[in-house]
Amino acid sequence: MIARLVLNGRAREVEVRPNQTLLEMLRDTLGVFDVKEGCDEGVCGVCTVLLDGRPASSCLVLAAALRGRAVTTLRGIERDGGLHPLQEAFVRHGAVQCGFCTPGMLLTVLALLEREPRPDRPAIRAALEGNLCRCTGYAKIVDAVEAYVRAEGGRDG
Amino acid sequence: MADAVSTREALRVVGHPVARHDARDKVVAATAYAADWALPGMLHAAVLRSPYPSARIVKLETARAAAMPGVAVVLTAKDVPRNTVSTDVPGQTTAVGPLRATLHVLAEERVRHQGEPVALVAADTLELAQAAVDAIDVEYETTPGVFTPEAALAPGAPPVHPTGNLLAQWRVARGDVTRALAGAAVVVEGEYTTQLVDAAYLEPESGVAWIDSDGVITIRLSTQVIEHFRDVAEVLQVPQNRVRVIGTYLGGGFGGKEDVTVEAYLGLLALKTGRPVKMVWTRQESLLARAKRHPYRLRYRTGAAATGEIVAQQIELLADAGAYAYLSALVLLYSTVTAAGPYRVAAVAVDARVAYTNNPPTSAMRGFGAMQTVFAYESQLDRVARRLGMDPVEIRRVNALRRGDTLPVGQVIETHVALPELAERAWAALGPPAPSRAPHVKVGRGLACNFQPYGRIVWLHDWASAWVGFEMDGSLVVRCGCPDVGGGQAASLCQIAAEVLGVGLERISVHVSDSALTPLAGTTTASRQLYMSGNAVLKTARELRAQLLTVAASLLRAGVDDLDLEQERVVARDGRTLPLPDLLRECARAGVPRSHLGVYHAPAGEPVDLAKGSGKVFPDYTFGAHAAEVEVDTETGVVRVLGYAAAHDVGRAINPQSVEGQIQGGAVQGLGYGLMEEVVVENGINLTTSFSTYLIPTAADVPDVAAIVVESGEGLGPFNARGIGEPPIGPPAAAIANAIEDATGARLTRLPITAERVARALGLLTEGA
Amino acid sequence: MHPFDYVAAETLEEALGLLREHGDEAKVLAGGQSLVPMLNYRLARPGVVVDINRLPLGDISVDDGRLRLGALVRHHQLEESDVLARRCPVLGEAAGLIGNVRVRTLGTVGGSLAHADPAAELPAVMTALDARIAVASASGRRTIAAREFFTGPLSTALAPDEIVTGVETPALPAYGWAVEEMSRRAGDFAVAAVVALVSVDRRGRVDDARVAFGGVADRPFHARAAEDALRGREPTTESIARAARAAREALDPPSDAFVSGAYRRLVAGVLCRRALARAVARALGRA
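From first to last, the protein sequence lines are chains A, B and C.
Just so you know, we're using our numbering here: the first sequence kicks off at -9 and counts up by one.
Just so you know, we're using our numbering here: the second sequence kicks off at 5 and counts up by one.
Just so you know, we're using our numbering here: the third sequence kicks off at 293 and counts up by one.
Only chain A is shown next, with the shape it has when bound in the complex:
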């Protein structure tokens, strides 16, 4: 059957099996490897995509059920062909170790900031509760988000 979606701003129609998840379609059919596979039950967060701007586990979405929704993966957040400043902040603040959680973390943070532009550290931690990281102990991820928020705030104000 045909899955219809807008992937990172481009309308796509993809031939899928009825039992294929969005995650499988992205990785196995389209070769979109910026979405990772970690647990297949929506707990770990490495397969996070934005679905119409909200974080979703792509392992828990049937591709056939997409109905033209907007799917954003990490590749969809670059600004002007360069790094998004949040990506810069992750690099600068040492928020990346093995990097397997990083795409999901970045997307989750961006979705948070859409709704809550000035989160404090506890709010950042609460928002990341569904994105596991086994390497960093989270502190530098929170540092990076905080620094980004501060810099963006400066720019806005």
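Simulated from the structure, these hints should not be mistaken for laboratory data.
Even glycine gets a Cβ: it sits at the ideal position worked out from N, Cα and C.
Hints are supplied without guarantee of correctness; some may be wrong.
To give an idea of the chain C side of the interface with chain A (calculated C-beta under 8 Å), a few residues [said to hold, decoys possible]: (1) 294; (2) 343; (3) 368; (4) 394.
Here chain B is said to cover these stretches of chain C; the calculated rule only asks that three of the stretch's residues, wherever they fall, bring their Cβ under 8 Å from a Cβ of chain B [stated by the list, open to error]: (5) 469 to 477; (6) 544 to 556.
Guided by the hints, dock chains B and C onto chain A, whose structure is given.
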């Protein structure tokens, strides 16, 4: 130590928190992990695993599965050219026998743990492969199993292996413990229990194999050890030079990707089918089948003088190896060496045993036997301090090892021991005490110290090699067979090369972890890679620098010692400069190599008799001290960590930001170990094979860890660095337990310290309240 | 995942027809946050998956003190809805505790109720509110009291060919509310959860109390004893503690591999007292 500071100022790249090249790749998802890889015509593999922990295979028929359309091959033990993988530890014996650990690639007549691989399938799609696994006709007859080490060692216990259930035993005997205990002012007895724990990296075991155009079986996978290419060759019975392992950047390892995972299966399937094959374990498979961290029972009798000096430690350790040996005997060795802690103790007796059971196998995991002991020895020390009314920092200062002291196994400590400073700084970093926010909430603090070896056991004669070379345009290439598990191993090598050769980090390409194309550098385990590969790159870069500067000296008519390499130029003391490309052209003209291959050998030694205390076991140790502030809800037992500080003497921080990351990440894994993680196994059946049942900490469960990086300038690594990969995971469980006693008076001796266990210790479940 | 057919129903009638046709072979796909994990882990093997996401069941409406939630209202809508924040804030507080942010993006009210996990938040909230669950099949529609809807772990009074279409409940805007939950890890299913709703009269006495638990039985537990102990009384520390004790004494939670029944019971009692205290404080603030 003053030296370290002055040297540091002279360093250009090393010692600075520079951004890692791999982080730039990872934030845009440009890093191709093992599963992010596909080849045309690729097959997909799946494994049939035993549902039983102890059974005989009475029927195993694959014809129906093999005949399914789209199925390329179905393999069982009889199809494997050599069905045994061995881990040899040369020159080593224990009280039980030689440490030759063997493992079947696929089960033969018996299965010894739930999840043991029985058959392999490769098919056109993963769905077909799974359907074929379901179609294999297999029958088991269950047999009696043993599920605790105590049961395994009881007379008449069903043997897991024909050799008996005692896998290894180590002993230490220093001084007269009985007499020392009799003369002690205080004797504290404790029994501690630690749990089975999973590495729980986010990237499951995965890889792709193919046969390249030269006929070499090539396996690209997530591994900490590319040297397993030799094990794969043995299994396939092909020459070792016909197997190549390409290690990818890992999505985490923590010891769980130290043993063979998918590579033997992938090699077999590629060889049998001639087609590329991909294998990715599901999270369930990973949690079910991967070797885990050993559960221990630790019994301690600790004697102390009225001054707080520890005078005796009588220690009994019993660990669960699960169904196969893997690295259990070595893990137990680490426990034995570290059992008395980083302290001076005149009389020490250790009796350490590890037994086979029908539980999931256990092997390497961050800490490698030197962390279970921390929970016991730091709990004991804390109890002694309480009995004597001593301050936690003071009792550690009184007992801390000093340079020149001898460990109970006979090893002399040759480098600075910063323990008192670390303890003071970690403790002070907690700041003013947090107020209790309600009458039922008690706040308390705990301290715990540890020491962890870095580098391999000296009688393994460890070495690492690296190749460093300039291209004609002045850009630099570093090749090193070092797998990057996510700790920034490759980036640190770049920093070292940049420091010595005066090139910018952006001008370096680093190639790591390829058994065919990068010089072998050994395993990314044992906190050894910065130490070993770092030294290899340092030595190689220095030799290359000398080679190049000799040519520059003749061009500039200057002494080699008057020249430096800086910003891709040769700079003479008198201010004259020579662009690097000019020098490289001159090298080319003169036939002087622009590259160099170097080897670093770690200090080596011969096997020691631990019991006789005869000498050196590890190259050196990293010391640390962690302090925790917790609040305990005395109505529910819920523990919340309010503040946490972790101090380690890393000798020299090559990249302070990466070092902090190791400390914070290790401490949080340690907090998971202390507070929530447990592989729950009932009669050999694993009840925690998903991330919703095997719980690791989320961002909302842990506080910010304040990382305190102390640089004593003493360590065996490059620029006097010490290993820091494993050490930070050691102290958290004990620091938390000590803080809980401080808050409530209750002593928790069993990990993980769940809210329910705290509630029980507080008496909440026996009273009517 | 085992193979299955996928059909996206365009109308409720079509969905109900498919369910009638396929019976036990069919599974309804709403938010997918419970169904798809079971499909991925091969714990569910439906012949056909009926996607109901196109049906117009996503509205929240309040009139005359009655609140209606369509079955496809997502958890994040409960968290973010202004009208709910004013008229039935307990829903937002409970929804914020459900799973992680991704579950709340897609997970639905109807899905959570139909899945009937005994530790889930919304079944306990609906039990406390005394909501009625609207269900439909090809043969007709009916409503079932939430307090009778849940019949055991992952089982409900739904017939195989019925689906949840929505919930109707008194909004109880004058009530103080609190949801207290304890889990083994942030975001996990509750070891115990309590939903408390309390209203007070002009003299400051408890006019009405509603208490329900999650995680302490094979289905949500309606704590009548606690309600009775509080109704008509002055809400003092002592009376609240007495009510919580009454609630706890009525519980006999099951043990599992991770948490004992005795501990669940202990936690339930403590959380009940805290939830009641918080709900009372809010009720006094609203009165």
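Open item on the list: Need the list of violated hint numbers for this structure, in ascending order.
Closed with: Violated hints: none; all satisfied.
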